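Enquirer: Given next are the chains, with one letter for each unit.
Protein chains: 2
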Amino acid sequence: MTAPLHEERRGTNGARLPDTQQGMRRRNLSRVMHTVAAHGPLSRAAVASHIGLTRAAVSTLVDELIRTGLLDELGPERPSRVGRPGSALAVSGRGPVGIGAEVGVDHLAVCAVDLRGEVRARTVRQVGNRHRAPEPVLEELSAMMERLCAEVRQAGLSPAGLAVAVPGLVTRDSRTVVRAPNLGWRDIDLAPLLPSDLPLTVDNEANFGALAELWLGADTPEDFLHVSAEIGIGAALVVDGRLLRGAHGFAGELGHVPVRPEGPACPCGGRGCLEQYAGEEAVLRAAGLEPGEDRVGLLADRAAAQDAEVRHALHGAGTALGIALTGAVNLLDPRAVVLGGALSRLAPWLLPSLERELTGRTAGRACRVTVSEIGPDGPLLGAAHSVMRAVLDDPVAVAGGG
Amino acid sequence: MTAPLHEERRGTNGARLPDTQQGMRRRNLSRVMHTVAAHGPLSRAAVASHIGLTRAAVSTLVDELIRTGLLDELGPERPSRVGRPGSALAVSGRGPVGIGAEVGVDHLAVCAVDLRGEVRARTVRQVGNRHRAPEPVLEELSAMMERLCAEVRQAGLSPAGLAVAVPGLVTRDSRTVVRAPNLGWRDIDLAPLLPSDLPLTVDNEANFGALAELWLGADTPEDFLHVSAEIGIGAALVVDGRLLRGAHGFAGELGHVPVRPEGPACPCGGRGCLEQYAGEEAVLRAAGLEPGEDRVGLLADRAAAQDAEVRHALHGAGTALGIALTGAVNLLDPRAVVLGGALSRLAPWLLPSLERELTGRTAGRACRVTVSEIGPDGPLLGAAHSVMRAVLDDPVAVAGGG
Numbered sequence: 000m001t002a003p004l005h006e007e008r009r010g011t012n013g014a015r016l017p018d019t020q021q022g023m024r025r026r027n028l029s030r031v032m033h034t035v036a037a038h039g040p041l042s043r044a045a046v047a048s049h050i051g052l053t054r055a056a057v058s059t060l061v062d063e064l065i066r067t068g069l070l071d072e073l074g075p076e077r078p079s080r081v082g083r084p085g086s087a088l089a090v091s092g093r094g095p096v097g098i099g100a101e102v103g104v105d106h107l108a109v110c111a112v113d114l115r116g117e118v119r120a121r122t123v124r125q126v127g128n129r130h131r132a133p134e135p136v137l138e139e140l141s142a143m144m145e146r147l148c149a150e151v152r153q154a155g156l157s158p159a160g161l162a163v164a165v166p167g168l169v170t171r172d173s174r175t176v177v178r179a180p181n182l183g184w185r186d187i188d189l190a191p192l193l194p195s196d197l198p199l200t201v202d203n204e205a206n207f208g209a210l211a212e213l214w215l216g217a218d219t220p221e222d223f224l225h226v227s228a229e230i231g232i233g234a235a236l237v238v239d240g241r242l243l244r245g246a247h248g249f250a251g252e253l254g255h256v257p258v259r260p261e262g263p264a265c266p267c268g269g270r271g272c273l274e275q276y277a278g279e280e281a282v283l284r285a286a287g288l289e290p291g292e293d294r295v296g297l298l299a300d301r302a303a304a305q306d307a308e309v310r311h312a313l314h315g316a317g318t319a320l321g322i323a324l325t326g327a328v329n330l331l332d333p334r335a336v337v338l339g340g341a342l343s344r345l346a347p348w349l350l351p352s353l354e355r356e357l358t359g360r361t362a363g364r365a366c367r368v369t370v371s372e373i374g375p376d377g378p379l380l381g382a383a384h385s386v387m388r389a390v391l392d393d394p395v396a397v398a399g400g401g
Numbered sequence: 000m001t002a003p004l005h006e007e008r009r010g011t012n013g014a015r016l017p018d019t020q021q022g023m024r025r026r027n028l029s030r031v032m033h034t035v036a037a038h039g040p041l042s043r044a045a046v047a048s049h050i051g052l053t054r055a056a057v058s059t060l061v062d063e064l065i066r067t068g069l070l071d072e073l074g075p076e077r078p079s080r081v082g083r084p085g086s087a088l089a090v091s092g093r094g095p096v097g098i099g100a101e102v103g104v105d106h107l108a109v110c111a112v113d114l115r116g117e118v119r120a121r122t123v124r125q126v127g128n129r130h131r132a133p134e135p136v137l138e139e140l141s142a143m144m145e146r147l148c149a150e151v152r153q154a155g156l157s158p159a160g161l162a163v164a165v166p167g168l169v170t171r172d173s174r175t176v177v178r179a180p181n182l183g184w185r186d187i188d189l190a191p192l193l194p195s196d197l198p199l200t201v202d203n204e205a206n207f208g209a210l211a212e213l214w215l216g217a218d219t220p221e222d223f224l225h226v227s228a229e230i231g232i233g234a235a236l237v238v239d240g241r242l243l244r245g246a247h248g249f250a251g252e253l254g255h256v257p258v259r260p261e262g263p264a265c266p267c268g269g270r271g272c273l274e275q276y277a278g279e280e281a282v283l284r285a286a287g288l289e290p291g292e293d294r295v296g297l298l299a300d301r302a303a304a305q306d307a308e309v310r311h312a313l314h315g316a317g318t319a320l321g322i323a324l325t326g327a328v329n330l331l332d333p334r335a336v337v338l339g340g341a342l343s344r345l346a347p348w349l350l351p352s353l354e355r356e357l358t359g360r361t362a363g364r365a366c367r368v369t370v371s372e373i374g375p376d377g378p379l380l381g382a383a384h385s386v387m388r389a390v391l392d393d394p395v396a397v398a399g400g401g
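Heads up: the sequence lines are chains A and B, in that order.
Take 0 as the starting number for the first sequence in numbering that gives the first Met the number 0 and just add one per residue.
Take 0 as the starting number for the second sequence in numbering that gives the first Met the number 0 and just add one per residue.
If we strip away everything but chain A, and leave its shape as in the complex, we get:
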């Protein structure tokens, strides 16, 4: 065996691009923004000590970020907790905002989040999108978005990008919805249907929900599996603080992990998939309920009211979730499993059987199960925040400089 150590392998994150002075400056601008966003208000000296550069180098970077409106100098008159009132820096609450949008099976939503993480505007509309054609859905969403953008512009803010969460598989180029079974969409390129000057990113709602958990959760680790549900069951894997997307962008299909290989046929072509036991329709059927408007609310209300059939159905769903998660924990070794989205509302009745299966089958594994505090808002917030994270990651691109 004498194969040479050939082929320099590269990830898709571009980490191996040549190191130039300009690239170094861009990365250091990003470090300043991240540091002030995470720990500000901070003096220039404190920023310098945080990121390990000289005070002079940091001052040059800070001046540029103030000029482009991404950092604010709080001014000498303002009292500051950190005791450096003369020079405290903070991320701007006036500059760019990220526009997040969500296409749900039962609703549409848009919001704007600023660099400080504050929601500056938000609109939610209950609307049945199940098997509705993409054109009218996206026309309605565009109109909501335009009104929201006009509103934030009037407040002196400037939309920096648009991120849309959808309940389906999205290609890795973040534009095309390959398959959204509960909407009935297949191979829909969203860009032409969302006319806007803003840079557009489309992603699976489970991915944006996981990012919201990572960025906004109180105690979220850097390695976790986020499980969510609207009608289908989705999951997203965060590894070392980054989403694992898969070769085609389709990672996280927990709903089609086989739970009982000879179980009921699934529309995916498999048998005994998790969705056949823990998907919304399966649970409603097991509970003897008809699918209505607020299905998760109905299940939660009935379970809270001690409805034995509903509790039994949720117990079964929790068991199936525990079996599928056993496989996931063995494969991925996450630090935690986080139940998000609609599942967070049903957690009290899912968790006992889920944890019994998972703990019993993965003895010696240290993987805790937690319930998201963000819940159903995750995908929308994750989308909007992702636009702001992109500004922190490369402030130059957004400021139009170079």
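Calculated from the structure, these hints are not laboratory results.
Quick caveat, the model's predicted, so the values are computed rather than measured.
There could be a bad hint or two in this list.
What the hints assert, rightly or not - Which stretches of chain B does chain A cover? Using the computed rule of at least three CB atoms under 8 Å from a CB of chain A, they are:
| no. | segment |
| --- | --- |
| 1 | 96 to 106 |
| 2 | 233 to 246 |
What the hints assert, rightly or not - Anything over 10 Å on all C-beta distances counts as not near chain A; from chain B, calculated:
| no. | residue |
| --- | --- |
| 3 | 134 |
| 4 | 152 |
| 5 | 193 |
| 6 | 196 |
| 7 | 222 |
| 8 | 252 |
| 9 | 258 |
| 10 | 259 |
| 11 | 268 |
| 12 | 269 |
| 13 | 270 |
| 14 | 308 |
| 15 | 310 |
| 16 | 354 |
| 17 | 356 |
| 18 | 361 |
Heads up, the beta-carbon is just placed ideally off N, CA and C, and yes, glycines get one too.
Guided by the hints, dock chain B onto chain A, whose structure is given.
Expert: This is chain B only, laid out in the frame that chain A set:
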């Protein structure tokens, strides 16, 4: 919801360390080494165009690498395929070598690989290590290693590091074997038991096998799941060209993914785990055979000789592998599944049922199944090559410069 965009998240890869001139120089030295290793012999001008730096900048870097013995100047008299005989550069075949070692259940092995990827020395010894205490095993391995190191030093080479492959779970600090059930080892820190001046890395054999596949395979994609077996079944996930290790270093435990949740009890505490259907012992039992010396060879010979019981047992193992891999493909979306290690020898009889399950259950997924050409040599070669990759990744550290 007004949570701030707080907390700069960091991966464990240190990508967010401050960008300094010195860091930039180190990364560019690495780029030169990787480029010459992948595409050499190359002139300085060709290297410059490959990595996007000026010829003058590259010359300075190249001179340093020649001085430290990592690059060779082939000289004007030497004819070269690429037509630049006056200045062709190649990675040195005289400098550092990586020492790889493997603790197998049935063997011990050591080898030395140079920067060009050539195996310069190799020793394999058949020895039954099952339930043998770590001290005598590692004493024997150390002696083999010392003889090998003496041999390569006599040839003018210098061992740059030692990487050891073990059939068990290893902590993320790459020193401690947490659990190697087939050796009977628990919580063994290998460093004190392998006295050597060389930097030591310990990892799971499946991880090193996957890296060998990534680096040496003819057509290996950057996103794949590598499945291997000695007695247990292990897997390793490569994502964007890097190993996914998991929060504790335990990712890839495909052998304990539930295949039939009410199936036979497994020593792991679970039920119906893949190893209960496709592990070596389960297959031997299903085939009515006694565990002997060369178990995989026995199965392959009998299957090739049309033994119906053995073929039936391997068919069942393939089915179980297909079910477990369906879950893995849904969760991870790899571009390929590669059967490596001992499984590569049994592939002809595993593949038909494996592929029928996997393809039937994952319609619309594009995930091919391939068989490793490296086979059982993977972990040993992956270990040795990993030491050489570390030299390419940071030539300064190895040359002792800074």
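Enquirer: Would you mind marking each hint as holding or not holding in the structure?
Expert: Going down the list of hints, with the structure as the test:
1. Chain A is given as covering the segment 96 to 106 of chain B, and this is violated because 0 residues of the stretch bring a CB closer than 8 Å to a CB of that chain, at least three being needed.
2. Only residues whose C-beta sits within less than 8 Å of a C-beta in chain A count toward coverage, and the segment 233 to 246 of chain B has 10 of them, enough to reach three; the restraint holds.
3. Here residue 134/B stays apart from chain A, with its beta-carbon at least about 24 Å from theirs, past the 10 Å limit.
4. With a least beta-carbon separation of about 21 Å from chain A, residue 152/B lies farther than 10 Å from that chain, consistent with its non-interface assignment.
5. With a least CB separation of 24 Å from chain A, residue 193/B remains clear of the 10 Å interface cut-off, as annotated.
6. Every CB of chain A is more than 10 Å from the CB of residue 196/B (nearest about 24 Å), matching its label as outside the interface.
7. Against chain A, the non-interface label of residue 222/B is violated: not every CB pair exceeds 10 Å, the least being about 4 Å.
8. Separation of residue 252/B from chain A is inadequate, the least Cβ-Cβ distance of about 4 Å not exceeding the 10 Å criterion.
9. With a cut of 10 Å on Cβ distances, residue 258/B falls inside the contact zone with chain A, its closest approach being about 7 Å.
10. Annotated as non-interface, residue 259/B brings its C-beta within 10 Å of a C-beta of chain A; the closest such distance is 7 Å.
11. A beta-carbon of chain A is positioned within 10 Å of the beta-carbon of residue 268/B; the least distance is around 4 Å.
12. At roughly 4 Å from the closest C-beta of chain A, the C-beta of residue 269/B falls inside 10 Å, breaking its exclusion from the interface.
13. The beta carbon of residue 270/B sits about 7 Å from the closest Cβ of chain A, which is not more than 10 Å, so the claim that it is off the interface is violated.
14. The claim that residue 308/B lies off the interface holds: its Cβ sits roughly 23 Å from the closest Cβ of chain A, which is beyond the 10 Å cut-off.
15. With a least beta-carbon separation of about 21 Å from chain A, residue 310/B lies farther than 10 Å from that chain, consistent with its non-interface assignment.
16. For residue 354/B, the condition that its CB be more than 10 Å from all CB atoms of chain A holds, with the nearest at approximately 14 Å.
17. With 10 Å as the threshold on Cβ separation, the claim that residue 356/B sits away from chain A is violated: the shortest Cβ distance comes to roughly 8 Å.
18. Consistency note on residue 361/B: stated as away from chain A, yet its beta-carbon is not over 10 Å from all of that chain's, at 7 Å minimum.
Figure legend: structure checked against the earlier numbered hints; hints not met, in rising order: 1, 7, 8, 9, 10, 11, 12, 13, 17 and 18.
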